[in-house]
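Peer 1: With the hints as extra help, turn the sequences into a complete structure.
Each chain, letter by letter, is given below.
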Amino acid sequence: MTARPAILRLLDRLEPLYRACGYVAAGFLLALTGLVLTSILSRLAGVFLGGVTELAGYAMACGSFFALSWTFKSGGHIRVALLVNQLHGRRRLAAERFCRAVMAGVACYLAFYMGRLAWFSWLFGERSEGSAGFLLWVPQSLATLGAAALALAAIDSLLRALLESERALASPEAEAKAIPGGKA
Amino acid sequence: MSELPLIALFVLSLFFLLGSGVWVGASLLACAFIGMELFTGRPTGDSMAITIWGTQSSWTLTALPMFIWMGEILFRSRLSEILFRGLTPWLQYLPGGLLHVNIAGCAIFAAISGSSAATVATVGKMSIPELRRRGYPERMTVGTLAGAGTLGLLIPPSIALIIYGVTVNESISRLFIAGILPGIALALLFMTYVVVWDLVAGKTKVDRQRFSVRERLAALFDLLPVLGLILGVILSIYSGFATATEAAVLGVIGSLALSAIQRSLTWESFRESLLGAVRTSAMIAFILMGSSFLSLAMGFTGIPRALAEGIGGLQLGPLELIALLTVFYILLGCFLDGISSIVLTMAVIEPLIRQAGFDMLWFGIYLMLVVEMAQITPPIGFNLFVLQGMTGHDMGFIARASVPMFLIMVFAVVLLVWFPEAATYLPSIMSRGSG
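Protein sequences, first through last, are from chains G and E. The working numbering applies: residue 181 is where the first sequence begins, and numbers increase by one. The working numbering applies: residue 7 is where the second sequence begins, and numbers increase by one.
Keep in mind that the hints are not guaranteed to be accurate.
Derived coverage of chain G by chain E (criterion: at least 3 residues anywhere in the stretch with Cβ under 8 Å from a Cβ of chain E; other residues may be distant) [unchecked claim]:
#1 184-195
#2 229-238
#3 242-256
#4 282-294
#5 316-325
No lab work stands behind these hints: they were computed from the structure. Just so you know, even glycine gets a beta-carbon here, dropped at the ideal spot from N, CA and C.
Peer 2: Shown next, in the form of C-alpha cells:
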C-alpha cells in the first residue's frame, strides 16, 4: 500500500458530481414551488391550467431521485445504529462492508428498473392520465439519472470500504447516528 | 400453513437487514424484493419501479418537501430569539416561570415546523443557556424541552402526519386540523405539570426581570408576524382555500418574507435552507420508496390479512387493542425512529385497524402520540440525541429527566381514547371539498 490505487483517485474526482446532483434537486424543489404558486394564482384569476399538479408531482419525484446520491454521500440517510456502534475493529469493518454491499446492490437494482420503466414508457409512448397527457418517459428518465447517480455513489462507497478501510470508516455515510431534521 | 417457514424467513430478513445497520430505505427495498421473490411470480423489478414512481410523483406528497423547506428557513432565522424574548414577559409570572417558555415556545415552533428534533433544537438553542444562567434546575429544563419538543409531530404542519396520510390515503388537510386540539391539550398538560411541580417542590424562586407595560407590548408585537404566519397557514387549510401543499408554499413565501423583515435572509441562508430541505426530503423519500414497495410485497405474503383475522379472532375490545398497540409502539420506538416505525407498521396493521372499526383520522392522531413517546425513550430517541448534543449530559440523565413527560403522554393517550372527539370534532365541521 504505497500510492493510492488509481481507481480511488478516479473516485475522488466523482465527489463534485454528487454535490451537483444535490443542486439539481434544489432546482427541482424551486420548480415545484413555482408550479404550486402558478396553480394558486391561476385559480385566483379564474383560469384553469390543466396538468400543473401532475407536473408538480414529476418535479418532486425527479428532485427526490436526484437528491439521493448527495444525501447518501453526506450521511443524510438514516440507519439503525444500535448494533453497529457496539462493534469495533475488524468486525465493524465487516459490518460496514456488508451494509454498503447491500446498498450498492439495491441501488443498482433500482436504477436498472427505473431505466426499464422509462424505456417501456418511451417504447409505448405512454402518457399521463390527466387531461394534459404528458409523455411519461421524460420525467422517468430524469429520475433514472438520479437513481444511477445513487448506484454510482453506493458502488463508490463500497469500493472505498474494501480498498481503504480506515478512511472509509471515517466518511460521512459511515456515521450511523443521523438525526432527521436535527442538523436541519 | 405450509407458507410458515417462508413467512419466518421474510420477517427475519427484515429484522436482520435493519438491525445490521443497512440504511432503512435500502433494508425495506431489499426485504420487499425477498418477499416478492418468495410469494409471487410477478415481475419483481417492474412492480417495484411502477410502485415507487407512483408514490414519489403523487400530488399529495408534494406537501412534504414544502413544509420541510418552510421549517428550514425559519430555523435559520432569528426566530428562537424572538420567541424567547416575546414569551418571557408573559409567562414568567406563572409558577414554574421560564420553564413555560420552553413549552409554549415548542408549541409555537411546532406550528411552523413539522419535525420534533428541529423543534427541540430551535427552542433549546436560546432557552437552555438562558434558563441555566437564571438557575433553573437542569433536570426540569431538559425534561420539559424533550417532552414539549415532541409537539412537532402533533401540531400541524407535521411531517409524520403527511407520511401517515399518504400511507393510508387520508386527506392531509383533515389530519392537520385533527391534530390541533390534542396538540394544544398536550401542551397545557405539560404546563400544568410544571405549575404543580413548582407549587409542590417550590424550587424556582429565581429573580424575575421587571418589564414595563410598554416592553411587554413591544415583545408581543414582535411575536405577531410569527403568529400571523401560523394562523395564515392553518386557516387557509381549514377554510378550504388551499390544499396542504398550497398552504405550505404560502408558508414558504411567508417565512422568506419574515426572515427578510428580520434581516436574517441572506443568499447564504437561503441556499443552506434549500439544500437542507433537499437532504431531509431525500432521506424521507428513500424510506418511502422502500415502504411503498414493502407494502406491495406485504400484501402478497398475506401477513396483514392473517394478522387482522388472528387478532379479530381473539375478540379483543377496542380498548384492549389500543393498549396492546401502545405497548407495541413504545417497544418498537426503542429501536426505530418515528417515520420508519409509522411506514413499517402501517404496511402490516392497516387492515387490522380498519377491520377493528377505528376512525383513520383518530388513529393517525393516536399514532402521533405513541410515536412521540418513542422519540423520548432510549436507546433510540431522536429528541434525546439532539438534547445530548446541546446540553452535554449523558443519555441516562436526559432519559430520566423525560420520564414525567413520558407519563403525561401516556395520560394523554388515555384522554384521547376517552374523548375521541378531541381529534374528530374540528375535521367534522371543517368545510367540505378541501382535500
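Peer 1: Against this structure, judge whether each hint is valid.
Peer 2: Hint check results:
With 0 residues bearing a CB less than 8 Å from a CB of chain E, the region 184-195 of chain G misses the requirement of three and the coverage assertion fails. Counting residues of the region 229-238 of chain G whose C-beta sits closer than 8 Å to any C-beta of chain E gives 5, which meets the bar of three, so the coverage hint holds. A stretch counts as covered by a chain when three or more of its residues have a beta carbon under 8 Å from one of that chain; for the region 242-256 of chain G and chain E the count is 10, and the coverage holds. Remark: the region 282-294 of chain G is confirmed as covered by chain E, as 10 of its residues place a Cβ nearer than 8 Å to a Cβ of that chain, reaching the required three.
Residue count for the region 316-325 of chain G with a Cβ under 8 Å from a Cβ of chain E: 3. That meets the three needed, and the coverage hint holds.
Checked against the numbered hints listed earlier, the structure breaks hint 1 alone; every other hint is satisfied.
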